[in-house]
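Q: With my numbering applied, the sequence shown corresponds to residues 921 to 1937, in that order.
For the record, the hints were derived by calculation from the structure and aren't laboratory data.
On a predicted model such as this, the values are computed, not experimentally measured, just so you know.
A few of these clues could be false.
Cβ pair distances, simulated, as ranges [as the list claims (entries may be wrong)]:
no., residue 1, residue 2, range
1, Asp1014, Thr1913, 24 to 32 Å
2, Glu1724, Arg1002, 28 to 36 Å
3, Gln1663, Asp1766, 37 to 45 Å
4, Asp1029, Val1314, 42 to 50 Å
From the three backbone atoms N, C-alpha and C, an ideal C-beta is built for every residue, glycine too.
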Amino acid sequence: MSAGSSTSDTTAPQLLLLGRPEWVGGAEPMLFLPERRFQLLALLALRAGEWVARDWIATLLWPERSNVQARSNLRHVVFKARELPAGAGLEANDHALRWDVATDLYRFDAALRARRPYDAIALRRGELLLGLDDASNCALTEWLEGERSRFQTRWHQAAIDALATLQAPQQRIELAHCLLQSDPLDEAALEASMRAELELGHVARAEQLFRDFAHRLAEELGVEPSRRLRDLLDRTPTHSTGLIQPAPGGADAAAVPPARSPFIGRKSELAELSRQLAQAQTRLVTIVGPGGIGKSRLAQCAMQDVAACFAGGAHWVELQDLGDTASVLARLAQQLGVTLNAARDPVAQLGAALGGQRVVCVLDNAEHLPDLPELVERLLAAASALTLMVTSRVRLRQTNEWLLPLTGLPVPDEESRDIVAASAFDAVRLFEARAAAVLSGFSLSRDLAAVIDIVESVEGMPLAIELAAGWVRLLPVREIARDLRQTVDLLERNPALADAPARPQHDSLRAVLDGSWKLLAPRERDTLAALSVFQGGFTRAAALAVARSPLPVLSSLIDKSLLGVDDAGRFAMHPLVAAFAVERLALDGGRATELAQQHAAHYAHAMAALAARAGADHRPLVEGIESDYANYRAAWRFSLARGATEWLALSCGAWRTYFEVRGRAGEGITHFQPAVDLSAQGRQRQSLAADARSALSRMHYLRGDHQSGLAIAQSGAELAEQCNDRRALYRCLTNAGSCHSAQAQWGAARPYFERALAIGRDDGMAMEIAAALNNLGIIAKNEGRWDEALEHYTQALAIEREHERHAAVVRCLSTLGGMHLSRGDWPAARQCMEEGLRLSERFRIDFFVPVHACGLGEALLEMGELDDAQRHLLRALERARSADIPMIVVNARANLGRIATLRGEREAAIEHLRDAARGASERGWSNMCLHVAMLYGEWLRAAGRGLEAAQVWQLVSSDPKADAGMRERARRWCDALSADLSPSVLAQSGAVTLSAIMDRLLGSDPTVDDPSCAPGP
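Let the hints inform the model, and build the full structure from the sequences given.
A: As structure tokens, then:
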């Protein structure tokens, strides 16, 4: 359901989609048949409450027809659909169709939003839209399969979540059985079922489930059950009843094996590293060493040891999937919870946000970023309390860089070959621990000589040791040692066989990786190679959708140390293992291309689904993209390279929202420009070109480059009209109007907003109507047409209230309150700002808390309630600084200066005004500069310098870049003062400029009289 839907979460469904579609909203139920009229209603029901473009529907239902023919067919089908009892509510206009119907799919989503997963999964009666396929329509079939796959993924996750909420073992058994019927290889469901049986004391039943599962795995995948499942039975006393506890974290934790094995070795390095980090003077630490040597693990342990020394927090920033320093800054800001303003230096913003509390950040896997040393230097200069710990294969060569070089773990020398001496060496201890975890009953004493040979062959490299230890279930240790030694010797004699590795340690690792590959089952090999298509890790659902990799195979690769998984269930490969897997996949070029296409399609559709479910609340969308940013970015880039119009179009809107909300407009420009450069031949490409221009123009607007934004928006509007893409046209028109408005070109902006409003009204798009009305209200207010502005604001607010779009409601209250402030209606302004502040706090709309606090403070100031005004303004200032909202920082400082002026606190007042002037001048905000100048005039008058005050107010009242309310106030103040000044004195004084006023405020002493002015009365 969209925001425009009239359906609530408790409305009984009229249409069942989860299974064979059936209309149950009338006197008699009616099954949907595989006919065009039913297919039309079904696809509209999936987007219930939203307007769906006729062109898109026509292309989907009649892909072989021209647009004219397909639209003609669609008109006929709409007529036939309306004849059905179910079709009475079908709405249509010239451009789109809508059916606002209550469905079980909407109830499913509502239950998930309410965190009632068990209620959600109970709604499924079968496959989504079962029976509506058309074998002759490949486009419709592909669309249906995609929708079903995405729903099945969500249903499965909901079922896993439901398992975690069920206390009764029998209920968990029944739900797990349901999951296993859907997917017999669902290891998470099997583990949940086994645990529940063991809780009930049914040990034999649990063992039978395990045996059946092991047999199926061997037959279908050629792998064995995971160590996690084996350990579950190994630890079970066969005579006990009810002693087995649920998995930690509930059934969700059962979905993946443990995330981390114990850290072994490096005691001296860890102690020295922790000691250095604890010292305040240590600003930059670089752990340097070859890949696989254990740099990241050591950094993680050090973070835990020294966390108490850093009151500002400890943060981990993974760099492996990032390609430039702009992305590094963005991820660092994300980890620190800092929202960046696209128009300001991000390094300076991070420095200001970090403050004086000590913070440590780990920059992991940094060697591939050549510009990182310069960025590190700037960060450390901007944030005096920041400490950086970098893991890299090369040093940064920075001043005061403390280096910790890592080599292999110590291996036994010739004098330490007995079991007591050898088992004290870290390399041997690591092999023993990993081998014992894989093979129950592993004996170090029995195979000591072979183990020493293995760790010597790999020169103590931890990653190589862990991989080799994973072989012990398949090969005797002596055979592992012999094969490994022979392979390493061959590589050292002929490095070309291994693409001439740059370091000796890589020879041994290559040997281990080659050996691991040979021991994998065919399905494991295919899976490991296929998983290399992912960037920065992946989820279980993505692995299944893109690489067709079921959980048992993932678990098997984890047992062999070729794959890792974190506590959240996210999988990843070590960079060196990933590079090896990429090489193997490249040997089959066709398979590599196919996987890249599947990857791009999956993430494009996933992005579109995120945007559709997010609605008016952008947080789920932004958080969803950030959780898998590298894969979304890789999918976008592949789609660009292939000119994949459909995939680019699916994700364009989500990317636009992401870059705007995260304040990353600069990256957005780089992101969207290649899409704008694609050929615009053909209707679909024209639509993409228009949408990409709407996004690119928005990014330029946010960056303050209004001329570029205007030109791009205008060209996008032309393309949108050519291909009749109404949504892209609306966005381009809005952006063009916003670019004019930002330059105080109110008259030029108005026609764009008026046309956008007409489009929204013609198409019945409530959100677009409200936004256009709000924009027109801003124009009317700035031009002094108060009644018109009030009407626009009131209508926009009513629409947003009706659809319960809380963020939009508080935005409208802000603009309406601002209009009342400009008009001088202080009580009305106070009422708007108080309500907006209350709603912002209630619904956690953090951006608008300082906005409304500032507006409320200004209203109270005008009403003479200076103490309360100061309290709200100080709160606004603090929150705006934290959230980096410079406009509110400037406005709050200016109004605090006015309070100080009214109290006669001249020095405090001028400091506030100076700070406000600096912020407005640096950003070129002419309207805000005029506002500060006007308040400086009030300070001048209070200081007895009336002539200077009058000159300032004359400037403000006549400057077209000042809004109407500001001009009117300056005129009133000037008129009141002019009664005390003779006309001859005013005539003799020269005109003052805004730049001159700003120069005085920002000069060494703005309190000194201006010698060009005669003294005031």
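Q: Decide, hint by hint, whether the structure agrees.
A: Structure-based check of all given hints:
1. A beta carbon spacing of about 53 Å between Asp1014 and Thr1913 contradicts the range 24 to 32 Å that was offered as a hint.
2. Between Glu1724 and Arg1002 the beta carbons are some 30 Å apart, a value that agrees with the proposed interval 28 to 36 Å.
3. Range check, Gln1663 to Asp1766: Cβ separation about 29 Å, and the 37 to 45 Å hint is violated.
4. Checked against the hint of 42 to 50 Å, the C-beta distance between Asp1029 and Val1314 comes to roughly 49 Å, which is consistent with it.
Taken one by one, the earlier hints fail for this structure at numbers 1 and 3, listed in ascending order.
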